[in-house]
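Just so you know, the sequences run in chain order U and V.
Heads up: the first sequence begins at 3 in this note's numbering, then just goes up one per residue.
Heads up: the second sequence begins at 168 in this note's numbering, then just goes up one per residue.
Heads up, some of the hints might be wrong.
Cross-link-like lysine-lysine pairs, in silico, DSSO-like; alpha carbons within 27 Å at most [to be verified]:
1. V:Lys-379 - V:Lys-608
2. V:Lys-536 - V:Lys-391
3. V:Lys-531 - V:Lys-379
4. U:Lys-328 - V:Lys-294
5. V:Lys-531 - U:Lys-254
6. U:Lys-112 - V:Lys-290
7. V:Lys-608 - U:Lys-109
8. U:Lys-328 - U:Lys-254
9. V:Lys-391 - V:Lys-608
10. V:Lys-531 - V:Lys-608
11. V:Lys-379 - V:Lys-294
12. V:Lys-215 - V:Lys-290
13. V:Lys-536 - V:Lys-608
14. U:Lys-328 - V:Lys-608
15. V:Lys-608 - V:Lys-215
16. V:Lys-290 - V:Lys-391
17. U:Lys-109 - V:Lys-379
18. V:Lys-379 - V:Lys-391
Not close to chain U: a few residues of chain V, all C-beta gaps over 10 Å, as computed [to be verified]:
19. Leu-172
20. Phe-182
21. Phe-247
22. Met-249
23. Val-261
24. Leu-266
25. Phe-286
26. Glu-431
27. Trp-443
28. Thr-571
29. Asp-573
30. Phe-591
31. Thr-624
In case anyone wonders, no lab produced these hints; they're calculated from the structure.
Please read these numbers as outputs of a predicted model, since none were measured by experiment.
Backbone N, C-alpha and C fix where the C-beta goes; we use that ideal spot for every residue, glycine too.
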Amino acid sequence: MDLSYLWFGIVGFFFIGYFILDGFDFGVGMSLPFVARNNEERRVVINTIGPVWDLNETWVIVGGASLFAAFPMWYATLFSGFYLALLLILISLILRGVSFEYRHQGKGAKWTGLFDTFIIIGSVVPALLWGVAFANIIQGVPIDENGNFTGSLLTLLNPYGLLGGVVTLALFFMHGLIYLALKSEGEIRDRARSLAVTVGLVAVPVGGGWLLWTVLQHASVSHVLVIVAFALLTALALVAAILLTRSGADGKAFAAMAMTIAFAVLTILSALFPNVMPSSTDAAYSLTIENASSSTYTLTVMTWVAAFALPIVLAYQAWTFWIFRKRVTVASIPVSAH
Amino acid sequence: MLEWLDPLILARWQFGLTTLYHFLFVPLTIGMAFLVAILQSAWVYTGKVQWLHLTRLFGKIFLINFAIGVVTGITQEFQFGMNWSDYSRFVGDVFGAPLAMEGLFAFFLEATFIGVWIFGWDKLSPKVHLASIWLTSLSTLLSAYFILAANAWMQNPVGYEINAETGRAQLNDIAAVLANPIALASFPHTFFASVMFAGTAIVAVAAYHLSKGQYGDTMRVALKFGAVANIAAFAGVALSGDSLSLAMVEAQPMKMAAAEALYETSTNASFSIFSWGTPDGLNEIFSIRIPGLLSFLSTHTMTGEVEGLNDLQAQYVAQFGAGDYMPIIWLTYWSFRWMIGLGGFALLVSIVGLWMTRGGRDVKGWAWKVAMWTAPVPMVASLIGWIFAEMGRQPWLVFGLMKTEDGVSPLVTGLEVLISLVAFTLVYGALAVIEFRLIMKAVTTGPEEWASITDETAAQPNSLATVY
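Bound conformation, chain U alone (with noise of 0.2 Å):
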């Protein structure tokens, strides 16, 4: 087999972790107005995050560093290409970064607000850009014979992208609810809970809306069954979400809802296949899995560096929940600290 169709899963099940891990953390910055009355409250809801914020952010960079890796000409049409809305991504992420670590070092309440504001756009723009972006990547943008994009911000905003981000908008925020759920108790887990309901009772229609979309977008390729099953899957994880939510089984919700966000990847991954970007302006212009990637040489010694790594990394990263897995309250939170 070539490795470059490996590599191809490799670069997606990075980015299936950094959506269901960072997912988590923009779904808690963007619940901060919704579910925490005071101060006390936020800092509760931002501390169920406070230890791995960090460790789930590193997956996008560790992603990007392998598609830049195993898809040279992938990383630098994607990259260069989708210019500002990346940009957008990066100003959030760095403000909301920073703020998790500069919120309760000031003063007044006025500081405090200022960050958490921060934290909650910083989770928001991210969330909603990313499925713009990924939306677009299947659909197709303008790429010219040099592998160039040649459109334009505007180029992104169109209907199927735009629902693409009120897509991972509202899984991001629904995912981030139930985590929050599973890790606090009382009064803030009861309201997670209730909204992540509401959440969920949107994200149905549209979720499903935009997953028909591109089934039907993508009727004529070869696999499209494979693409239906991805989407169908989504769907079930999604509405068993939901109902496990309602039910208080915290741990099943999240892990429905982690399935849910891995099921959605896949199902972009299938659309995409065998294509990395396809050109709108010629088929012939389109960056695909073979014409995009290193050479065998480079792909053999990543593929033994991810083999060594990886099962390193996630052992130790599932090492590091389990440390933390506690919920967190009111009463867990030193009142001299900070």
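Position chain V relative to chain U; hints supplied.
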């Protein structure tokens, strides 16, 4: 419209500014993680609470600095593709590998164990918790190694071939890329320079509190610890700097000639500590020179031949075609000197300071002030060192293979680059102000926050809990 916005110039400024800004935080992260790990080891193995106070105080400064280092690092990762897409296409097969290795081996390790360290004080046994800061320190070293290997490839491309069909560089020997002589020398150079910065920062904090007569016992320990770290690290900086010079003469003789503004090939070449004249070096008015030193730096013999700019220029024209192959000479000349001079100054402050404060002697206010103001000196030296290394590489993006002007994203507009340059400048500027204030606040407050933790209560993990 907007033709005057040159994407190349703007993209270069953006890379320079964001990279130097990122590197404001990198040395303190690398150096401080290492020194905090030593401080915490002293605490775990001696049980003396002053080591815990120092661990927490410098740990706090480390963390304020760490968050911004991480988030500005994402920009680094993204902008190769955003602004330098033709470069990314040309080198991705080679250059992407060390970057991905950095992610898999270093970034995950760093991001995971920094969280464990911050939040794990009351959840782990002291030794497991200590292991988390050592793993964090290890991750910063791995990260430095891989990214320096990637950078070294731009200075001295090895382990590749040019694919005849695509015209792009293609990896054929990963071991050669990872064992690039430039990487092997620049890695210890960067690490020891980072420890120097962390050491002078610790000295400065101690000097502040000692000048106010507070936390005397703890801060005396910190003062010695920081000064000794700084002196030891300087030795490492000097030795690795020497091997880096030798490797540079091999790989990029033009850079060494530009470091001295040596126009004519010479044997027994002198090194000017200071010179006054026209920057092109043709009309020198006054200079202080050490005979034979440039030859020694380049070849380890006082009489060795050092190639001059003019010969190299002629040689490159013959090899690569017409063009100007010299970097900006005044910039390389002065950055080389300021890098060495500032590093030497920081060493001097530590040595004199240690001697003046020997046996717990008190010193005058001005001496404490000098110690405080020396804090940023090694950092500035590091930044200037990078300006030398990267501007000395010009006009090449990858030495001998690709010029800087050929690597820029062809269809990204000047306006887009301008927007991002302005956005980064504003956000980074605001963050720098906040960052500086928070660090100053942590420094001036000192270990007060943990003063209630005594030898007895330190054994109870609850008193060590950290949350946001």
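Checked hints:
1. V:Lys-379 - V:Lys-608: holds (15 Å)
2. V:Lys-536 - V:Lys-391: holds (17 Å)
3. V:Lys-531 - V:Lys-379: holds (11 Å)
4. U:Lys-328 - V:Lys-294: holds (22 Å)
5. V:Lys-531 - U:Lys-254: violated (66 Å)
6. U:Lys-112 - V:Lys-290: Distance of about 32 Å is beyond 27 Å: violated.
7. V:Lys-608 - U:Lys-109: holds (11 Å)
8. U:Lys-328 - U:Lys-254: Roughly 16 Å between the alpha carbons, so the hint for U:Lys-328 and U:Lys-254 holds.
9. V:Lys-391 - V:Lys-608: holds (23 Å)
10. V:Lys-531 - V:Lys-608: Since the Cα atoms of V:Lys-531 and V:Lys-608 sit roughly 24 Å apart, the hinted pair holds (cutoff 27 Å).
11. V:Lys-379 - V:Lys-294: At roughly 35 Å apart (the allowed maximum being 27 Å), V:Lys-294 and V:Lys-379 break the hint.
12. V:Lys-215 - V:Lys-290: holds (21 Å)
13. V:Lys-536 - V:Lys-608: Measuring from Cα to Cα gives roughly 18 Å; hence the hint holds.
14. U:Lys-328 - V:Lys-608: It is violated: about 32 Å lies between the C-alpha atoms, which goes past 27 Å.
15. V:Lys-608 - V:Lys-215: Holds, at about 25 Å.
16. V:Lys-290 - V:Lys-391: violated (32 Å)
17. U:Lys-109 - V:Lys-379: holds (24 Å)
18. V:Lys-379 - V:Lys-391: The hint holds at about 17 Å.
19. Leu-172: holds (14 Å)
20. Phe-182: Given that every Cβ of chain U is farther than 10 Å from that of V:Phe-182, nearest at about 14 Å, it holds.
21. Phe-247: violated (7 Å)
22. Met-249: violated (5 Å)
23. Val-261: violated (7 Å)
24. Leu-266: Violated, since 4 Å does not exceed 10 Å.
25. Phe-286: The assertion about V:Phe-286 is violated, with a minimum of 4 Å to chain U.
26. Glu-431: Non-interface label on V:Glu-431 holds, nearest chain U Cβ at 42 Å vs cutoff 10 Å.
27. Trp-443: holds (43 Å)
28. Thr-571: holds (16 Å)
29. Asp-573: holds (13 Å)
30. Phe-591: Non-interface label fails for V:Phe-591: nearest chain U Cβ at 8 Å, not farther than 10 Å.
31. Thr-624: holds (13 Å)
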